[in-house]
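First to last, the protein sequences are chains Y and B.
Residue numbers for the first sequence follow this note's numbering, so the first one is 1 and each next one is one higher.
Residue numbers for the second sequence follow this note's numbering, so the first one is 743 and each next one is one higher.
None of these hints come from the bench; they were simulated from the model.
Certain hints may be false.
As the list claims (entries may be wrong) - Output of the computed footprint for chain Y on chain B, the stretches with three or more beta carbons under 8 Å from beta carbons of chain Y:
id, region
1, 804-817
2, 828-837
Claimed, not checked - In silico DSS-like cross-links for lysine-lysine, where the CA-CA straight-line distance does not exceed 30 Å:
id, chain 1, residue 1, chain 2, residue 2
3, B, 953, Y, 629
4, Y, 528, B, 744
5, B, 803, Y, 333
6, B, 808, Y, 629
7, B, 957, Y, 697
8, B, 798, B, 808
If you're wondering where the values come from, they're calculated on a predicted model, not measured in any experiment.
We put the beta carbon where it would ideally sit given N, CA and C, even for glycine.
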Amino acid sequence: MKCWRGFKEGNWNNNIDVSDFIKKNYTPYTDGPEFLSGTTERTDRVLARVEELLIEENKKGGVLSVDTDHVSSLLTFRPGYIIKEDDIIVGLQTDEPLKRAVNPFAGYRNAVQACKAYGYEIGENVKDEFKYRTTHNTGVFRVYTDTMKKARHVGVLTGLPDAYARGRIIGDYRRIALYGMNYLIEQRKLDKQRISERDMSAETIQLLEDIERQLEFMAQLIQMAAEYGCDISRPAENAREAVQWLYFGYLGAVKEQNGAANSIGRISAFIDIYIKRDLDEGTLDESGAQELIDDLVLKMRLVRHLRTPEYNDLFAGDPVWVTCSLAGMGEDKRPMVTKTCYRFLQTLYNLGPSAEPNITVLWSEGLPQEFKKFCAKVSIDTDSIQYENDDVMRKDFGDDYAIACCVSAMKTGKQMQFFGARCNLAKVLLMALNGGRDEIYGEQVAPEGKVFDEGAPLDYEEVVGAFKEYASWMAKLYVNTMNVIHYMHDRYAYERLMMALHDVEPERLMAFGISGLSVLADSLSAIKYAKVTPVKDERGMIVDFKTEGDFPKYGNDDDRADEIAKWITEFFYSELCKTKTYRGAKHTLSILTITSNVVYGKKTGSTPDGRHAGEPFAPGANPMHGRDKEGALASLNSVAKICYDCCQDGISNTFSITPETLGTDENDRTEKLVAVLDGYFAQSAHHLNVNVLNRQKLIDAMNDPTLYPSLTIRVSGYAVNFNKLTRDKQLEVISRTFHEKM
Amino acid sequence: MKGYIHSFESLAALDGEGVRYGVFMQGCPLRCVYCHNPDTWCSGGNSFSSEELVKKVSRYKSYFGKNGGVTFSGGEPLVQAAFIKDTVQHLKVAGINYAIDTSGAAGLSEDAKCVLRDAQLVILDLKFWDDESYKKYTGGSMLAVLNTLDFLESIKKRVWVRTVVVPGINDSEECLEKYLELLKGKKCVEKYELLGFHTMGFFKYENLGIKNPLKDIKPLPAEALTRLQKFVDKRFKRSLG
Chain Y
1 MKCWRGFKEG NWNNNIDVSD FIKKNYTPYT DGPEFLSGTT ERTDRVLARV
51 EELLIEENKK GGVLSVDTDH VSSLLTFRPG YIIKEDDIIV GLQTDEPLKR
101 AVNPFAGYRN AVQACKAYGY EIGENVKDEF KYRTTHNTGV FRVYTDTMKK
151 ARHVGVLTGL PDAYARGRII GDYRRIALYG MNYLIEQRKL DKQRISERDM
201 SAETIQLLED IERQLEFMAQ LIQMAAEYGC DISRPAENAR EAVQWLYFGY
251 LGAVKEQNGA ANSIGRISAF IDIYIKRDLD EGTLDESGAQ ELIDDLVLKM
301 RLVRHLRTPE YNDLFAGDPV WVTCSLAGMG EDKRPMVTKT CYRFLQTLYN
351 LGPSAEPNIT VLWSEGLPQE FKKFCAKVSI DTDSIQYEND DVMRKDFGDD
401 YAIACCVSAM KTGKQMQFFG ARCNLAKVLL MALNGGRDEI YGEQVAPEGK
451 VFDEGAPLDY EEVVGAFKEY ASWMAKLYVN TMNVIHYMHD RYAYERLMMA
501 LHDVEPERLM AFGISGLSVL ADSLSAIKYA KVTPVKDERG MIVDFKTEGD
551 FPKYGNDDDR ADEIAKWITE FFYSELCKTK TYRGAKHTLS ILTITSNVVY
601 GKKTGSTPDG RHAGEPFAPG ANPMHGRDKE GALASLNSVA KICYDCCQDG
651 ISNTFSITPE TLGTDENDRT EKLVAVLDGY FAQSAHHLNV NVLNRQKLID
701 AMNDPTLYPS LTIRVSGYAV NFNKLTRDKQ LEVISRTFHE KM
Chain B
743 MKGYIHSFES LAALDGEGVR YGVFMQGCPL RCVYCHNPDT WCSGGNSFSS
793 EELVKKVSRY KSYFGKNGGV TFSGGEPLVQ AAFIKDTVQH LKVAGINYAI
843 DTSGAAGLSE DAKCVLRDAQ LVILDLKFWD DESYKKYTGG SMLAVLNTLD
893 FLESIKKRVW VRTVVVPGIN DSEECLEKYL ELLKGKKCVE KYELLGFHTM
943 GFFKYENLGI KNPLKDIKPL PAEALTRLQK FVDKRFKRSL G
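In isolation and in its complexed conformation, chain Y is listed as follows (with noise of 0.2 Å):
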């Protein structure tokens, strides 16, 4: 086949395999980045006109366009375009970069209040319509028990995914590309078949409907495609064919979707080796490889979904998370290093610094040290990369995985996830002293238990176990409602296409989370190690502590607190998996907060480690902000014993650290920080965002936003433009530790 010229036979050519063509097919690549190219005049072009429409967006506050008269679909838009001539890579969500449409499925009721919330009324024809259709948020409502509308209401439970779509589902879309539809339309149907010789239990009968569904939105994104001038029913036979056969499958998974996260998968080896083909062939050259990428990443960089104020309040910056897996190391022991991991890299110099797409380097003791010094690289000038320990994730997730949203590892196109959000684990403890009841509200929101006594001192045994009771209840409510929504979404808002890019029973995780480590943990060391005492209101509510004396804190490689947070999440995940799951899902827990740390926070009474009422959480696994004495390297210890076995979903933790500390100069930094996370990583650490800035330009930049209109940040899992915070998140941040030197 002429798309298959050149290409290593392997079992890829008999089934669907992407995993087994890149690695009969990919060039490692180990030395530096001196081959990379500029921009070209016509990225140049492109760049410009996509810099205005920014400026634009954000002088609307945010929100550029929407069109109320469509429901966002495949074929609802007209095609698209930044600059019609221009364009390598086609589509857009709509037929305008940056004009949002309006997507009911997952809540009708949200949709009407994100349109409003910029001024604009939903379409006559969609009020119509949605009149006689169910979405996913009212398939969720007439389920919910009271209590676990009660603990939504009080805050217990936060973010869950029952009026917006759950997002975290990566397509394989290297698959459209490497066969072409029809391949995977006629393989989808033999799969159909296969499954109709089964009994029709409740399972099959739901598979067979899911894959009808499938096809059906296959047959469209044919269309889809059809309608820039592309036929995507047979494989790519080059580069450019590549990434946009690869990118209309996002581009149709993010016009059906707009989930909390649409990540775009692991795709620089597959796309490095289509450009290799190229290259050898004398059909491409360097800087016509670089255009593509930068295409592809500004097409990323425009994805938008129309969300409503109290949605941004949780996720803050207009986040897509078009995450981007880069490097890795292979089972065979290379590194999956490529020249397209440098090029996407790149694109950080060529476009500017940016928080979309998330680019995630899997790092490994293995990798090149000249990769290893340019990601450090840049990092130190753009702030917009983010780290994952691929040595633990290659062991449960093998080497064709993927991150989905900030830290959420999945097989590509053999895993999918369920998300659900968190639980505020602080707020646990406190309806523990309170006997069920809500610290805030008053509510009675589990069970009656014993209300601990005012004026006598906390007894850490007595207070861990109620804290286990109320801990254990509370998790089996948390399945079972994240039971209740993923049972709905399948029903109202299936993801058609994404679905399609998968096996056809693919395993599925449900991801639960914690919130509220950090000040949980040093609640429990102050009660253990220093003197607490209850204070009550009125209402006989424990609403506040005296604490007496000092005690150890988690972030300062201190076994004593440390070992209370690990034994929390150890602890916490056990619990979580006595209750059975929707489709047999396997559980698994992150620790990651994005920016709800701060809404979990005022959701949440004072709690016994002197955090006052309403004050902020850490974010994710961090150390309390403050609370780390001994430096960078003791709180990254404190936060690596983190055991990942029972937090597969992920340990975000956030770095930030004045270039001042880091070293004297560029180089010394870049080896600095390499050392750093070489350190890190050993110790079977996670995660890790670096930034590496001076609090004042934050300061500065708060004060007057033109002074650096792209300054990006990373927060939790993900990056943002700091500009597009709320200036109380702003705040956040600017509070949050800074490793600086006296």
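Take the given structure of chain Y and dock chain B to it, following the hints.
Positioned in the frame of chain Y, the structure of chain B alone reads:
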């Protein structure tokens, strides 16, 4: 053996090569007017055994790579030379390098010599340029510092020299010439770094109720530091030859 330690900084990236773990020892014989750590002056405080310290430091081994390691600073680390000697014997077994950041004013006991001899690098704080200025601004003796420098030269130790530049005291090229004169012919010196005076430690004087003799002095502007460093770099190369 017990040593007294003021504090730890797990990423003291500037105090030597590679990633450094900073151990700030308690106690100092000098009373420098510009000191930003007056809380390290008196002796006593938190005590650690050599074993405890080595255990703590070993937790950072994965970051050190080939170049990194521990830096003993202070305070004046060589005041507790015997403790450091005991500790570094254990560090050696653990395969961890160390550097010493000293004023050179504590004198050269046998223990101190031993500790300096085995160090990967010595950072020598050359505070003032002659007896009179040294006495006036630090209360210590310049002779001890020069002896230390001579000793380091004699054992061919790798040395980085540092000077804190304080506005109105030593922030002129003429003044820095005098420092350079002292380094003339010292082949052991690899690098001469200037550090700008800053006021971030001022709050400690207030907390401790100690009179701060420089409370009205402003920090050295970054541009001035860059200019003076350039001047020193040019001269320093010449004086080495």
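Evaluated hints:
Under a criterion of three residues with beta carbons nearer than 8 Å to beta carbons of chain Y, the stated coverage of the region 804-817 of chain B is upheld, 5 such residues being counted. Coverage of the region 828-837 of chain B by chain Y is violated. Counting CB-CB distances below 8 Å, 0 residues qualify, and the rule asks for three or more. Of the supplied pair hints, the one linking residue 953/B and residue 629/Y holds, its CA atoms being roughly 26 Å apart against a limit of 30 Å. This hinted pair checks out: residue 528/Y and residue 744/B have alpha carbons roughly 28 Å apart, not beyond 30 Å.
With a CA separation close to 25 Å, the supplied pair residue 803/B and residue 333/Y stays within the 30 Å bound. For the hint linking residue 808/B to residue 629/Y, the alpha-carbon distance of about 26 Å falls within 30 Å, and the restraint holds. Of the pairs offered as hints, the one joining residue 957/B and residue 697/Y holds, with about 27 Å between alpha carbons and a cut-off of 30 Å not exceeded. Straight-line distance between C-alpha atoms of residue 798/B and residue 808/B comes to about 19 Å, which keeps the hinted pair within the 30 Å bound.
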